[in-house]
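Chemist: Let the hints inform the model, and build the full structure from the sequences given.
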Amino acid sequence: TRLNSSLDLEAFAGRVSGTMVRPSNLIVPVDAEMNALDENGAVMMPFAELYKTYLRTKIIPLLAVNGEAAAQSVISFLNETGYADIGVLSSDVALVDGVRRACPAVRGVWDLSAADIGAKTAGKLVIEANTAGVQTIIFGAEQVSEQFIFDVQARFKTVWLALQEESEFSVYSAVSKGAYGLIADDYAEIYECYASFDQNSLARAFMNIGHRGLPEKRAENTLEGCIAAYESGATHVEIDAKICKSGEIVIMHDDGVETTTDGSGSIQNMTLEELKELNVIGSDGTQEPCKIPTLREIFEYFKGKDIVLVVEIKTEQENFATAFRGLLEECDMWEQVVSISFSVRQLQRMRAILPEIPIADLNSPARDTLIENLIDFNTYTKVSNPSKSVLSGNLYMTYNLIARGFPVFYWTQYTPSDTANAAAEGCTGITTNHADSLGNYVKFIVPEEGLSVSSAADLNDAEFSVKIIGYNRTEAETMASVFACEISETGAEVILQVKKDNVIRYSAPVWIAFAEDTPGGDEPSDPVLPGDSDPEIPPEESDSCAGCGGALAAEAGAAGMIAIITAMSLMKINKKKGEKR
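Numbering (the working numbering), first residue to last: 131 to 711.
Warning: the hint list may mix true and false statements.
Here are the simulated DSSO-like cross-link-like pairs (lysine-lysine), alpha carbons at most 27 Å apart as the crow flies [to be verified]:
1. LYS347 / LYS421
2. LYS433 / LYS421
3. LYS435 / LYS406
4. LYS435 / LYS347
5. LYS406 / LYS421
6. LYS250 / LYS433
7. LYS630 / LYS347
8. LYS630 / LYS597
9. LYS347 / LYS433
10. LYS250 / LYS435
11. LYS435 / LYS188
12. LYS254 / LYS435
13. LYS433 / LYS406
14. LYS421 / LYS435
15. LYS597 / LYS629
16. LYS375 / LYS406
17. LYS347 / LYS406
18. LYS421 / LYS375
So the derived label-pair ranges between C-beta atoms look like this [unchecked claim]:
19. GLY393 / SER519: 33 to 41 Å
20. GLU296 / GLY386: 54 to 62 Å
21. GLY197 / ALA606: 49 to 57 Å
22. GLY393 / PRO546: 40 to 48 Å
Don't read these hints as lab results, they were simulated from the structure. Think of the CB as a built atom: it goes at the ideal place given N, C-alpha and C, for glycine as much as any other residue.
Modeler: Given below as structure tokens:
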């Protein structure tokens, strides 16, 4: 939420009667003297005083700067205080870049909610953001589509939506688009709206990441396996890369070829010609033989296709990032590639040599060192991509990462049931050996055009024909019911819902006209909005969890909710089940 007045501060500090919830982040405009400003630009108090009195251990501050003088004051303040669990926000990405270069431990947030992004693709925006050290991008709630948000978040960035109007329906609309965070003045209403989602609601399409392709069906780390993963439903394909003796980047997990081929030897000591003579037969020797691919061959096949390639650096070779950059330039694959590694040194080299490419650290952060880990993540503009044991069921880790603008990706699901459970838990990035097992899940809902009902009263029981797009890129027709709507005289903006595989998915808002000429028809007594039950109010954060100038949310804090309200949980798991009224 944004800082508007001193009354906001009293509420955040718990000094206003009845205040039971807080936002996770507070946007605080600051001037050249490091004063906090209210909504009219008037000085409220020095930020240092505001922070110590109202925010520390409670809310994460985002320092909003709109000029070079304010940016320099933030740099001086951060250098003097050593505060790190803080973000810097601006509509001018160069200002964010400048602060991040001077103080790399802080997070970068780019506010595009009032900008004209024109025909820029999600991939191009991510390149610009990543180069400037930005982890989170803010758009207006009506500015971008669900697909655009998915495409940004598929590249290791998080999207927050600024609500242009603050109504219950606007909250439902923004949540249904799958963003990680919502920005609103009335943050308590977001918690209330969120509590009314059905028990098994999936408000955000997940990323289906084929681990080494589709290794249960085709030999791992082969072009054929990657194609099989793509065709069966993968949104991403993860591959392992290293450099062979003749200088090409080739795809293989181990240093030696013995594990998965019919030959022997070390990748680094074999030329590409020698490697191409071998057959990849899989670790159990039962899969159809394939050839060891080069990264160039992977790039050439998938260029322009609807997929992101996750290149894991499986070597400490110092020339890898330079060779990687050369190949990206030759193949022009900038918008389709992210990179991951266990090697901290390789990730540091990537940031220095390839700042355009989003990176993720595969090492798992620990609870007692989370702040230190976050500082490292910010310094190198990388996200956390830990093992599933770290995040699965661990609300403390999950929501503290989400609150700080980090998407939730983890590895690896080795069975179809584990993969399905990860989807049900609401994990954003699911790295799996069974990408095909998620192929029939609903990715997007596309309502038909020209929908209508006789009157508003008919909305409660109406069903509408929609097209569902599966992860396997197939389309099917089904019926959807109304989840929420905002009624006007001639029709209604409606969010539709479809239940499939025991998960409820939501459409973006669609217009449904009223066939009758009477204004609004037989309008129901209340707008059609989900949930009559009282919201489940999340517990406040514990002061004992503070560290490095900011708060860590308490275990199971916000009952699955983080609000800037930042970030709606991926999966709503309530004890109460909201019902439409």
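Chemist: Confirm or reject each hint.
Modeler: A quick look at each hint next to the structure:
1. LYS347 / LYS421: 16 Å, holds
2. LYS433 / LYS421: Answer holds: LYS433 to LYS421 is near 20 Å, not above 27 Å.
3. LYS435 / LYS406: 26 Å, holds
4. LYS435 / LYS347: Holds, at about 22 Å.
5. LYS406 / LYS421: Satisfied, since the Cα-Cα distance of roughly 6 Å is no more than 27 Å.
6. LYS250 / LYS433: 18 Å, holds
7. LYS630 / LYS347: 25 Å, holds
8. LYS630 / LYS597: 13 Å, holds
9. LYS347 / LYS433: It holds: about 23 Å lies between the C-alpha atoms, which stays within 27 Å.
10. LYS250 / LYS435: Holds. LYS250 to LYS435 sits at ~17 Å (cutoff 27 Å).
11. LYS435 / LYS188: Violated, because 44 Å separates the two Cα atoms, which is more than 27 Å.
12. LYS254 / LYS435: 16 Å, holds
13. LYS433 / LYS406: 22 Å, holds
14. LYS421 / LYS435: The given pair, whose Cα atoms are some 22 Å apart, holds under the 27 Å limit.
15. LYS597 / LYS629: Holds: LYS597 and LYS629 sit about 13 Å apart, inside 27 Å.
16. LYS375 / LYS406: 13 Å, holds
17. LYS347 / LYS406: Distance ~22 Å between LYS347 and LYS406 Cα, so the pair holds.
18. LYS421 / LYS375: Distance ~17 Å between LYS421 and LYS375 Cα, so the pair holds.
19. GLY393 / SER519: 33 to 41 Å: 34 Å, holds
20. GLU296 / GLY386: 54 to 62 Å: Distance hint for GLU296, GLY386 holds at roughly 59 Å.
21. GLY197 / ALA606: 49 to 57 Å: 52 Å, holds
22. GLY393 / PRO546: 40 to 48 Å: 32 Å, violated
Consistency note: the structure conflicts with the earlier hints numbered 11 and 22.
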